[in-house]
Amino acid sequence: MNWQQVADALFPQGHRIVERDCFLSGEAQVGGQTVTVIGTTGHTPIGVEIALAQASAILDTVRRHPGRAIVILVDTEGQRLRRRDEMLGINSYMAHLGKCVELARRRGHRIVGLVYDQALSGGFITSGLIADACYALPEATIRVMGLPAMARITKVPLERLEELAQDNPVFAPGAENYLRMGGVAGIWHENLAAALEDALAQAGPQDRRAELGLERGGRKLAFAVAQAVRTGSDVQAA
Amino acid sequence: MSSYQEATARQRIAGMLDEGSFMEFLPPQQRVVSPHLHQLDAPVSFDDGVVVGKGRIQGRQVFIAAQEGGFMGGAVGEVHGAKLVGMLRRAVDESADAVLLLLETGGVRLHEANAGLIAVSEVMRAVLDTRAAGIPVIALVGGSNGCFGGMGIVARCTNGIVISEESRLAMSGPEVIETAGGVEEFDARDRALVWRVTGGKHRYLIGDAQDIVTDDVNAFRDAALRLADAARCSGNGSGSGTELTLEALEAEQRMLGSRLERFGGCEDPLEIWASLGIDEPQAVPLLEIDAFRELADGHREGAAS
Numbered sequence: 104m105n106w107q108q109v110a111d112a113l114f115p116q117g118h119r120i121v122e123r124d125c126f127l128s129g130e131a132q133v134g135g136q137t138v139t140v141i142g143t144t145g146h147t148p149i150g151v152e153i154a155l156a157q158a159s160a161i162l163d164t165v166r167r168h169p170g171r172a173i174v175i176l177v178d179t180e181g182q183r184l185r186r187r188d189e190m191l192g193i194n195s196y197m198a199h200l201g202k203c204v205e206l207a208r209r210r211g212h213r214i215v216g217l218v219y220d221q222a223l224s225g226g227f228i229t230s231g232l233i234a235d236a237c238y239a240l241p242e243a244t245i246r247v248m249g250l251p252a253m254a255r256i257t258k259v260p261l262e263r264l265e266e267l268a269q270d271n272p273v274f275a276p277g278a279e280n281y282l283r284m285g286g287v288a289g290i291w292h293e294n295l296a297a298a299l300e301d302a303l304a305q306a307g308p309q310d311r312r313a314e315l316g317l318e319r320g321g322r323k324l325a326f327a328v329a330q331a332v333r334t335g336s337d338v339q340a341a
Numbered sequence: 002m003s004s005y006q007e008a009t010a011r012q013r014i015a016g017m018l019d020e021g022s023f024m025e026f027l028p029p030q031q032r033v034v035s036p037h038l039h040q041l042d043a044p045v046s047f048d049d050g051v052v053v054g055k056g057r058i059q060g061r062q063v064f065i066a067a068q069e070g071g072f073m074g075g076a077v078g079e080v081h082g083a084k085l086v087g088m089l090r091r092a093v094d095e096s097a098d099a100v101l102l103l104l105e106t107g108g109v110r111l112h113e114a115n116a117g118l119i120a121v122s123e124v125m126r127a128v129l130d131t132r133a134a135g136i137p138v139i140a141l142v143g144g145s146n147g148c149f150g151g152m153g154i155v156a157r158c159t160n161g162i163v164i165s166e167e168s169r170l171a172m173s174g175p176e177v178i179e180t181a182g183g184v185e186e187f188d189a190r191d192r193a194l195v196w197r198v199t200g201g202k203h204r205y206l207i208g209d210a211q212d213i214v215t216d217d218v219n220a221f222r223d224a225a226l227r228l229a230d231a232a233r234c235s236g237n238g239s240g241s242g243t244e245l246t247l248e249a250l251e252a253e254q255r256m257l258g259s260r261l262e263r264f265g266g267c268e269d270p271l272e273i274w275a276s277l278g279i280d281e282p283q284a285v286p287l288l289e290i291d292a293f294r295e296l297a298d299g300h301r302e303g304a305a306s
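Residue numbers (my numbering), protein chains in the order written: chain A, 104 to 341; chain B, 2 to 306.
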């Protein structure tokens, strides 16, 4: 689905979302409430400009519409891989975006992310993964890095990584794996509008992803280790 | 002088804290190792590449974490990330005076790809939760592996960064950019270029690092304490001073927007340094730290956190 189809399905009560250079922003109606919508499309890489534009839209919502819910639509091939972005400090731009979302959460805005196409690495950490909860469409792909670059960094042969990316939950790019690990709260197969309304109603400020990863069996150690460190106890086997 | 860069994670912690005061959480004797590395026949470490715990520095109760660059470049896997999260939560539970994050990392541990990515996100949110609880979180970047990937984002979510001129802070590593865009986009073997783009002096000059110190454990500790104390004291009555505020983020929005306007057309950091008013930018890499600071402090961008 392209972003217009996704938006029409999510917001049957109406929306005014505009695209400018692959950056999406606007407002929509959900269950009689107005929500702010930001996002990206066209698998666009997140460079310094688009990160700052998204942050600006979040700050604007915090300033002008206290408490209004925010929906983040995710489609990106990840952070832009350019020397210029690094020179300008792209990590600061992305951190700034993440902090703006966090500020909104602290001030009572509910925030839901949806990976409707593709999510990758740094572009995901400061979009869907910083929301109260992130959801995905069934055909969404979520990954950390392209396999050739990963092979170069890890020194693991590309063929071996390609093999693992077929079905290994830690390497395979499907939304289903992120669901099992708790990174994705749910996968929306039908009636997106109702699913979004439910998601906004359930959204809360607590980060429960490690617990979900344990309950669903995809990340068996994260919650147990964090708890053991926090309480000074032994790691409880899953 | 005691080199920070050459020290291991454990040596850095020992050098930071009052003697004998360190209590490690989930020490290596408990042998909690990565559940994912075996499938790639990669070695495991009994601390999964990060040491977490608490101790004292000059009367303060400090919670501390140090990533070990010698184990998989300090990269964050499921257990490694969970140890950081657990330490941050405990710092809140026990009302720590400060949290110090000694970051040396390539970011997500690619051998644990998906689990590592979620872990970095959890660390990022836990850092912000800690700040919201009124506890300053300071990042120290002084290892030879630098601080990259998602952890480069996490570093900029803290109250402040102390960096050394030898270390580096960025997002994508030069090798990754070269693999994606070719050697003409970023020549990862051009050490001088890599250093100009990602190194401590550039980060200090453009305002992404709040302090720069010589490669010395004591210098790192003293600078980190100064930043932590400054963060705690900066509250204006309405907030704790460590937490995010609309005013601070609006200021950061302006700072980053202005950076883009002023330097977005530059090809090389040398041009940025010249635009900042530095007469001989090509001399910057050669300056000793004191001379550099004296020069930089008259020209650098305000460093928001």
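Simulated from the structure, these hints should not be mistaken for lab results.
Heads up, a few of these hints could be off.
On the chain B side, residues computed to face chain A include the following (Cβ under 8 Å) [as the list claims (entries may be wrong)]:
1. Met2
2. Val80
3. Arg91
If you want the footprint, here are the derived chain A segments under chain B, 3+ residues with CB under 8 Å [said to hold, decoys possible]:
4. 139 to 148
5. 255 to 261
Heads up, the beta-carbon is just placed ideally off N, CA and C, and yes, glycines get one too.
- Which numbered conditions among the earlier hints are violated in the structure presented, ordered from lowest to highest? 1 and 4
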